[in-house]
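Chains as they are written, first to last, in this note's numbering: chain L, 1 to 178; chain P, 1001 to 1481.
Mixed in with the good hints there might be a few duds.
What the hints assert, rightly or not - Listing some non-contacts, in silico: residues in chain L with all C-beta distances to chain P over 12 Å:
| hint | residue |
| --- | --- |
| 1 | E3 |
| 2 | I6 |
| 3 | K26 |
| 4 | G61 |
| 5 | L93 |
| 6 | L149 |
| 7 | D151 |
| 8 | N152 |
| 9 | Q154 |
| 10 | F155 |
| 11 | E157 |
| 12 | E159 |
| 13 | A162 |
| 14 | M163 |
| 15 | K175 |
| 16 | D176 |
To be verified - Below, in silico cross-link-like pairs of lysine-lysine (DSBU-like), each with a Cα-Cα straight-line distance of 35 Å or less:
| hint | chain 1 | residue 1 | chain 2 | residue 2 |
| --- | --- | --- | --- | --- |
| 17 | L | K21 | P | K1104 |
| 18 | L | K175 | P | K1027 |
| 19 | L | K4 | P | K1104 |
| 20 | L | K175 | P | K1104 |
| 21 | L | K4 | L | K29 |
| 22 | P | K1213 | L | K26 |
| 23 | P | K1199 | L | K175 |
| 24 | L | K124 | P | K1032 |
| 25 | L | K49 | P | K1194 |
| 26 | P | K1198 | L | K175 |
| 27 | L | K4 | L | K49 |
| 28 | P | K1193 | P | K1070 |
| 29 | P | K1032 | P | K1104 |
| 30 | P | K1213 | P | K1361 |
| 31 | L | K124 | P | K1362 |
In short, the hints are calculated from the structure, not lab data. Glycine included, each C-beta is placed from N, C-alpha and C at the ideal position.
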Amino acid sequence: MAEKVIYAMYDDDDVLKDGAKKLVAKGVKVADVFSPFPIHGIDPIIGVKQTRLGIMAFLYGLTGTALATLGMNYFMIHDWPMNIGGKPNDSYLDNVLAFIPITFEFTVLCAAHGMAITYLLLNKTLPGMPATNPDPRTTDDKFVMELRLSDNNQFSEGELMAMLNDTGVVEVDQKDIH
Amino acid sequence: MHKEAAIREPLILGHKTYHQITEDVCKPIEDKAPRMWYILFGIALIIGLYGVGCIFYLLGTGIGVWGLNKTVGWAWDITNFVWWVGIGHAGTLISAVLLLFRQKWRMAINRSAEAMTIFAVFMAGLFPLIHMGRLWVGYWTLPLPNHFGSLWVNFNSPLLWDVFAISTYLSVSLVFWYIGLIPDFATIRDRVKKPIPKKMYSILSFGWSGRAKHWNRFELVSLVLAGVATPLVFSVHSIVSFDFATSVIPGWHTTIFPPYFVAGAVFSGFAMVQTLLLVMRKAMKLEAYIHTRHVEYMNIVIMVTGSIVGTAYITELFISWYSGVEYEAYAFFNRAAGPYWWAYWSMMTCNVVSPQLMWFKKLRRSLLFTFIISIVVNIGMWFERYVIIVTSIHRDYLPSSWSMHYPSHIDLGVYVGTIGLFFVFFLLFARFFPVLALNELKTILKSSGESYKNDTAPVHPYFAKNGHSHGHDDHDNTHNH
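Work the whole structure out from these sequences, hints included.
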């Protein structure tokens, strides 16, 4: 089903932020904001929650530590213990110091790559994905606020437009999206 | 937005707008390449191909074509490896460590420094691989289940730690670099008109749209990646230094190596960043973004790390005498007064004396002087690795096996070839990638841009009507002078 969407364009990030504050105060729901760089402070205004990717990175890191520990314990202690320079690999604990560099590196490797892959999947930014910004200028110097009529049933289209006009908007566009 | 004193020198010169930043950075990509680019690319390609030829000759003939002998079994190969890894340190340091410290001056230089890191680590990785003589079995260094039975690589060995450290460093730096590039590729994608470049940048930009949620995630991912990459910077060169420090060779077996190597790496890395950026800013007309203030800050890092390296040299000398170990004392006496005295004193002059000149404000703000010193430092750091490696092993415990090392033309060809290949990669990067981090630069325009600092930017009509100054209420623009 087609849905009506209003795209309000601004030429300054602070004007957009100020406008979003005003609109939200009047009960308007802002669906999204498109910008060429992160607008600091916009997230709490339009209700974007802080991402939990950091927790994911920690969990990936822990997985890396566990895999490295289990792996080296199996390879060096159980499967193929070597007597190197008179220092036999009899127990993991006796050799743990030599295993720390690789444990650390593997932890970082898993945390960084796990988080990066999760980030790309969550964003749906993957090779070959189509761009969904409403106007090519939003990656240059313009800032766009997206309002969905279905999110703002309490206002008529005219009322929304009137409120938008009061926020320093430079261009307004309407589209039907599917 | 951070408050910044109005009397601080601006980071972005000229009365730039967001659009002008995009224009300035995209211009070299969208315009035809200047003739100079083709000339430099041609020279770098020829040198690089000569190096590749030398590598093929070496692989076909064996590493006997290097100037190695039974006593000096490691020479230019490992010198070059450590040198290139060291150069690769500045990029991640600028990106990660300075991001954590909220240093805004990093934003104009981080993209190209990261690119430099990645290409330098490529070059570094080549040397251990070709030193094997059998490049095609390089995968034996990885702990893979194999057809030899249950035979595993030795996890106690610093050489294997190297494999993990370098590959982790390379891949994490690559991810950090690319994640930052995605929004900038989207900017180019939305600007270019020709179908093929448009398609290419569409693929490279992964469909980036700049939604608020995506930026929210982007900032956190950058911060966490910086958090994990920072200890990596320190661990990688510490681990490289373990290759030497865990052995029993006099001159190598010292606990000072990890911090000393890390400082040396940052020292040489920043020197290479200076060399590249001073040329690039001129060639690509980016003087408004990379200017004296950036160069001065980098010179301060060079001065500090150079002083750490100098202190380490003197500490080593003192400890070799104070330890009372005659082999250790001889190794150091031999470095300074033995047959390789010229290498030792070149190293001392380039690395200890030259960075001290940066105490003078006039010198550290002079672009020409900086350019010269940056090259001197890189020469000095190459000599440092050569001195550590060759002078320590050319005098064995048995005087009957004492020997000298003379490089062959293949040694030279492979080394010079990697410099050529490095520049081939860097020139391609400068031609097709945004060399400045567009999205990051735009975030500092209002706090560190010249117009906003001097309060000369036109006030947006909306705010003029509503009585704000520029509309950024949390940003202090008042002058106190």
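Each hint tested on the structure:
With a closest Cβ-Cβ approach of about 17 Å to chain P, E3(L) is found to remain outside the 12 Å limit, as its non-interface label requires. No Cβ of chain P comes within 12 Å of the Cβ of I6(L); the nearest lies about 16 Å off, and the non-interface call holds. Separation of K26(L) from chain P is adequate, the least Cβ-Cβ distance of about 16 Å exceeding the 12 Å criterion. With a minimum CB-CB distance of about 8 Å to chain P, G61(L) fails to clear the 12 Å threshold, and the non-interface call is violated.
Its beta-carbon lying about 14 Å from the closest one in chain P, L93(L) satisfies the requirement of being farther than 12 Å from that chain. The Cβ of L149(L) sits about 19 Å from the closest Cβ of chain P, beyond the 12 Å cut-off, so the non-interface label holds. Look at D151(L): its CB is around 15 Å from the nearest CB on chain P, clear of 12 Å, so calling it non-interface holds up. The beta carbon of N152(L) sits about 18 Å from the closest Cβ of chain P, which is more than 12 Å, so the claim that it is off the interface holds.
Against the 12 Å criterion, Q154(L) stays outside the reach of chain P, whose nearest CB is about 23 Å from its own CB. Annotated as non-interface, F155(L) keeps its C-beta farther than 12 Å from every C-beta of chain P; the closest such distance is 21 Å. Annotated as non-interface, E157(L) keeps its C-beta farther than 12 Å from every C-beta of chain P; the closest such distance is 23 Å. With a cut of 12 Å on Cβ distances, E159(L) stays outside the contact zone with chain P, its closest approach being about 21 Å.
Every CB of chain P is more than 12 Å from the CB of A162(L) (nearest about 16 Å), matching its label as outside the interface. Its beta-carbon lying about 15 Å from the closest one in chain P, M163(L) satisfies the requirement of being farther than 12 Å from that chain. No Cβ of chain P approaches the Cβ of K175(L) within 12 Å, the least distance being about 15 Å, so the stated non-interface status holds. With a closest Cβ-Cβ approach of about 19 Å to chain P, D176(L) is found to remain outside the 12 Å limit, as its non-interface label requires.
Proposed proximity of K21(L) and K1104(P) is supported: the alpha carbons are some 28 Å apart, at most 35 Å. The suggested pairing of K175(L) with K1027(P) holds, with an alpha-carbon distance near 32 Å, which does not exceed 35 Å. For a cut-off of 35 Å, the pair hint linking K4(L) to K1104(P) is broken: about 41 Å separates their Cα positions. This hinted pair does not check out: K175(L) and K1104(P) have alpha carbons roughly 39 Å apart, beyond 35 Å.
The straight-line distance between the Cα atoms of K4(L) and K29(L) is roughly 14 Å, inside the 35 Å bound, and the hint therefore holds. Under the criterion of a C-alpha separation no larger than 35 Å, the hint pairing K1213(P) with K26(L) is consistent with the structure, at around 23 Å. Between K1199(P) and K175(L) the CA atoms are separated by roughly 25 Å; this keeps the pair inside 35 Å, and the hint holds. Pair hint K124(L) plus K1032(P) holds up; C-alpha atoms about 33 Å apart against a cutoff of 35 Å.
Of the pairs offered as hints, the one joining K49(L) and K1194(P) is violated, with about 39 Å between alpha carbons and a cut-off of 35 Å exceeded. At roughly 24 Å between alpha-carbon atoms, K1198(P) and K175(L) fall within 35 Å of each other, so this suggested pair holds. Between K4(L) and K49(L) the alpha-carbon distance is near 25 Å, which keeps this suggested pair within the 35 Å criterion. Between K1193(P) and K1070(P) the alpha-carbon distance is near 61 Å, which puts this suggested pair outside the 35 Å criterion.
At most 35 Å may separate the alpha-carbon atoms for a hinted pair to count; K1032(P) and K1104(P) meet this at roughly 31 Å. With a C-alpha separation of about 44 Å, the suggested pairing of K1213(P) with K1361(P) is violated against the 35 Å cut-off. About 50 Å separates the Cα atoms of K124(L) and K1362(P), which puts this hinted pair outside 35 Å; it is violated.
Checked against the numbered hints given earlier, this structure breaks hints 4, 19, 20, 25, 28, 30 and 31; the rest are met.
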